[in-house]
Amino acid sequence: MAEASDFKKKSVSIAERIRSPVDDLSENQVGVILALPLVLLLTLLYFYPIARGFIFSLQELSLFATSGSWIGIENYVSTVTSSRFWGALENGIVYTIGSVAVTLVIGVGTALVLNRSFVGKRFVTGLILSPYMIPVVGIVLIFRWLFNGLNGVANYAFVQLGLVNEPVAWFSNPTYAMPVLIIISGWALYPFVTMLVLAKLQTIPDEYYEAADLMGASRARQFISITLPQLKSVLFVAILLRTLWTFNLFDIIWLGTGGGPGNSTETLPIMAYRIAFDGLRLGEGTAVAFLTFVVLAIGTGAYFRTFNEASV
Amino acid sequence: MTRSSKQGRRKNRPSKRTRRRFIKTAGAGTVVALAGCTGSESEGGGTESDSSDGSTPGTTGSNGTKTIRVINSAYQPVQEVFTEIFNEFEQQEGNVNVEYNRVDFADAPQQAAQAQAAGEPWDVMNLASPGNNVTAAQEGLLQPINSVIEDRGTDYWNEKSLFKLDGDYYFAPNFGSVIKLNYRQDLFEEAGAPMPPFDSWDEYMSAAEILTDTSQNRYGHPVFLGNNHFHGVWPMMLIMMNGGGVVNPDGQIIFDSEETAEALQFVKDMNEYSPTSAHNSSIPDMRPPLYQGQYAMTWYSTNQVPSDIANYNPDLQGEVKVTHVPAPSSGDTPVARMTGTGYGVSSETEHPEIAKRLVKHITDRENVVRQLLGQPAAKIPMVSGVLEEDRLWESETLQQYEDHYRNLVSIAEDYGRIIAVNENPETVNPITGRALSEAMVVGAAQDVVINDMDPMESATKWADQMRNEYK
Chain A
728 MAEASDFKKK SVSIAERIRS PVDDLSENQV GVILALPLVL LLTLLYFYPI
778 ARGFIFSLQE LSLFATSGSW IGIENYVSTV TSSRFWGALE NGIVYTIGSV
828 AVTLVIGVGT ALVLNRSFVG KRFVTGLILS PYMIPVVGIV LIFRWLFNGL
878 NGVANYAFVQ LGLVNEPVAW FSNPTYAMPV LIIISGWALY PFVTMLVLAK
928 LQTIPDEYYE AADLMGASRA RQFISITLPQ LKSVLFVAIL LRTLWTFNLF
978 DIIWLGTGGG PGNSTETLPI MAYRIAFDGL RLGEGTAVAF LTFVVLAIGT
1028 GAYFRTFNEA SV
Chain B
23 MTRSSKQGRR KNRPSKRTRR RFIKTAGAGT VVALAGCTGS ESEGGGTESD
73 SSDGSTPGTT GSNGTKTIRV INSAYQPVQE VFTEIFNEFE QQEGNVNVEY
123 NRVDFADAPQ QAAQAQAAGE PWDVMNLASP GNNVTAAQEG LLQPINSVIE
173 DRGTDYWNEK SLFKLDGDYY FAPNFGSVIK LNYRQDLFEE AGAPMPPFDS
223 WDEYMSAAEI LTDTSQNRYG HPVFLGNNHF HGVWPMMLIM MNGGGVVNPD
273 GQIIFDSEET AEALQFVKDM NEYSPTSAHN SSIPDMRPPL YQGQYAMTWY
323 STNQVPSDIA NYNPDLQGEV KVTHVPAPSS GDTPVARMTG TGYGVSSETE
373 HPEIAKRLVK HITDRENVVR QLLGQPAAKI PMVSGVLEED RLWESETLQQ
423 YEDHYRNLVS IAEDYGRIIA VNENPETVNP ITGRALSEAM VVGAAQDVVI
473 NDMDPMESAT KWADQMRNEY K
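Protein chains in written order, with my numbering: chain A, 728 to 1039; chain B, 23 to 493.
Hint data in this document are derived by calculation from the structure and do not stem from the laboratory. Here the structure is a predicted model, which means the values were calculated and not measured. It is possible that some hints are incorrect.
Said to hold, decoys possible - Residues on chain B that point at chain A, a partial pick, calculated with CB under 10 Å:
no., residue
1, A139
2, N154
3, A158
4, E161
5, H251
6, S299
7, A461
Stated by the list, open to error - Listed next, the stretches of chain B that the computed footprint assigns to chain A, with coverage defined by at least 3 CB atoms under 8 Å from CB atoms of chain A:
no., region
8, 243–250
9, 307–317
10, 466–478
What the hints assert, rightly or not - Ranges between beta-carbon positions, derived for each pair:
no., chain 1, residue 1, chain 2, residue 2, range
11, A, N842, B, D291, 57 to 63 Å
12, A, E893, B, D221, 29 to 35 Å
13, A, L763, B, Q274, 57 to 63 Å
14, A, L772, B, D173, 45 to 51 Å
15, A, V891, B, R428, 44 to 50 Å
16, A, W972, B, N333, 36 to 42 Å
17, B, N333, A, T930, 52 to 58 Å
18, B, N117, A, V807, 54 to 60 Å
19, B, I305, A, S796, 31 to 37 Å
20, B, E231, A, L854, 47 to 53 Å
Backbone N, C-alpha and C define an ideal beta-carbon position, used for all residues, glycine too.
If we strip away everything but chain A, and leave its shape as in the complex, we get:
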């Protein structure tokens, strides 16, 4: 009995000795400890620069300067009261709606084609997805060459076909510059929608269409009544992501028109860049960047409230 008691005491003693302090923590506390390194890393690399950026936006600060002077929300006030900001916002909305619409139409169309069986499907799939593999700079250069205002192939073709009387300055005329950028963006970015929609199309049971055939539904009716409702959730995500990305897109516009002619294709990211890096006014440029974030946050919130339930 005494031996058993000794053994029990020894066991408890050993168990106490090997017991880690972590064993005393609750599951939640352990979770916090495990997540802490990631939280610290994110704080350092993500939130801290953003916080510093916000501080810059409250300062008059040159890109060359070693210190700034506090001016409160003056950068924000001067930005939102300038016509340039509202022009850039309007350009961004037009560009985003146009580009997203083009990517959706082309993306859904090509996905519908690829969802069918035909000879050379693999080759066509590769071809359709190829814009995603070409660097943006290459795509824009090709379009600039095609649509060169003096001697571009597009002008030559359009003049020969009698569509225009004289070469059109596609990138230099405020009327055409934005539509050309929208076409470039649509062409460069539609494969994303294609891939998303194609994946969803392949999960729609054939029985739905067979039943519709039996009931005599036309192809158009099948598309409207079966395909589109099935695609709703995917399209919701595609539109959301494409909108966010496109509104923040910098490279295509910068390489295509640089925001010109004048400010006719200047969007908020381009405006932020030009102010911060061409104008050397880091504080004001950062304020524009933060306002871009606010605009996107409001837009995203409104989008969720309007379409989220409908997409489920």
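For this one, chain A is given, so just place chain B on it according to the hints.
Chain B in isolation, oriented as in the chain A frame:
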């Protein structure tokens, strides 16, 4: 805070900049994602043995080798010459390693600011434009290099290219470029247009009109209205030639003047003989149409005529001439905007004396000749006596383009002005110094040509903008 006090503070400040600059750099990343904007660990772990140059351990290797980081935006062939020159400097010095980086023209100021912000400044830098140099010096990124300039005597340098701020020199010029008008002599002869040099704007415009034949897709003179400050150079020159300007010596904005409005009206009138496609032309696209026959004349800075002829149209050998952009009338003095930036030394360098010796080495006359030969006829010398150097004329290209090149240098000598420095004889001011002022000038031209705004209204609008931004 005044400019002087800022500089004074910078000069006296100990080297504890890394943290604040790092976070500033990181913040800049919230505007646009910028690759490589964070600082890296210093190269050496050893102790500084040579205290004569004020060194600290940061860029001194364990074997005592000191690293000097250099930035410029030289074109490819000239980069190779610079590499040779730096190798020679390393051999001369014995314990110096020159780390040379070439950045794009437009990126130079950003790269310099970011490197400084990240605590790893470029020890020796050429910031690609006088405006950037003025701003960088005013902001305390650079330190005076009076000894470099004065040791050689001011006669050694092209007087126009020397830059002084509050009595100190900040740059040692090597070579530069000048804005000039290139024209196709064959097209002028074919069209019977008055041959340059022009005595007045009337003659200039008359030639543009005669040369324009839209049925042949040919235009007399392009009007560039892109958003880069470089596109503002031509209207800026026109305004200055017409007696106008951006700011007077007292620091007051004078952009909203009749002279500005007249010059903007001239830009609009010349637009009649320009293709619309020129309006948003990128900088590299400003030249090719001249050689392809769509422009009869066009303006530019770096003289690329020999290489452009070789690349685009070898048949044009001898047909592309150079002249100055004319003044409004024969009684006015033309203005040719000149850049002669040169090399400055970082205020944060850990090896100031070595950096200054390197600047002297770069601007040695013989080395300047070598740099010019890297891309013959492209740049004009900013140190004296270079045209008398026999070695310069050993170049086959310069032999072929001798008259052309001498004309180019004459334009700089006769009409050249480094606007940032020369606009106001006694005042180097931030407005003319910054590239931004040219960006605003082109903004005014855009409003007049693209948005059909009245020239005086546009001048007033942009003058107000300048007052607001530089208040």
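Hints and how they fare:
no. : hint                         : result
1   : A139                         : holds, 8 Å
2   : N154                         : holds, 8 Å
3   : A158                         : holds, 6 Å
4   : E161                         : holds, 4 Å
5   : H251                         : holds, 7 Å
6   : S299                         : holds, 2 Å
7   : A461                         : holds, 6 Å
8   : 243–250                      : holds (count 4)
9   : 307–317                      : holds (count 3)
10  : 466–478                      : holds (count 4)
11  : A:N842 to B:D291: 57 to 63 Å : holds, 59 Å
12  : A:E893 to B:D221: 29 to 35 Å : holds, 33 Å
13  : A:L763 to B:Q274: 57 to 63 Å : holds, 58 Å
14  : A:L772 to B:D173: 45 to 51 Å : holds, 48 Å
15  : A:V891 to B:R428: 44 to 50 Å : holds, 46 Å
16  : A:W972 to B:N333: 36 to 42 Å : holds, 38 Å
17  : B:N333 to A:T930: 52 to 58 Å : holds, 55 Å
18  : B:N117 to A:V807: 54 to 60 Å : holds, 56 Å
19  : B:I305 to A:S796: 31 to 37 Å : holds, 34 Å
20  : B:E231 to A:L854: 47 to 53 Å : holds, 49 Å
The earlier numbered hints are all upheld by this structure, with none contradicted.
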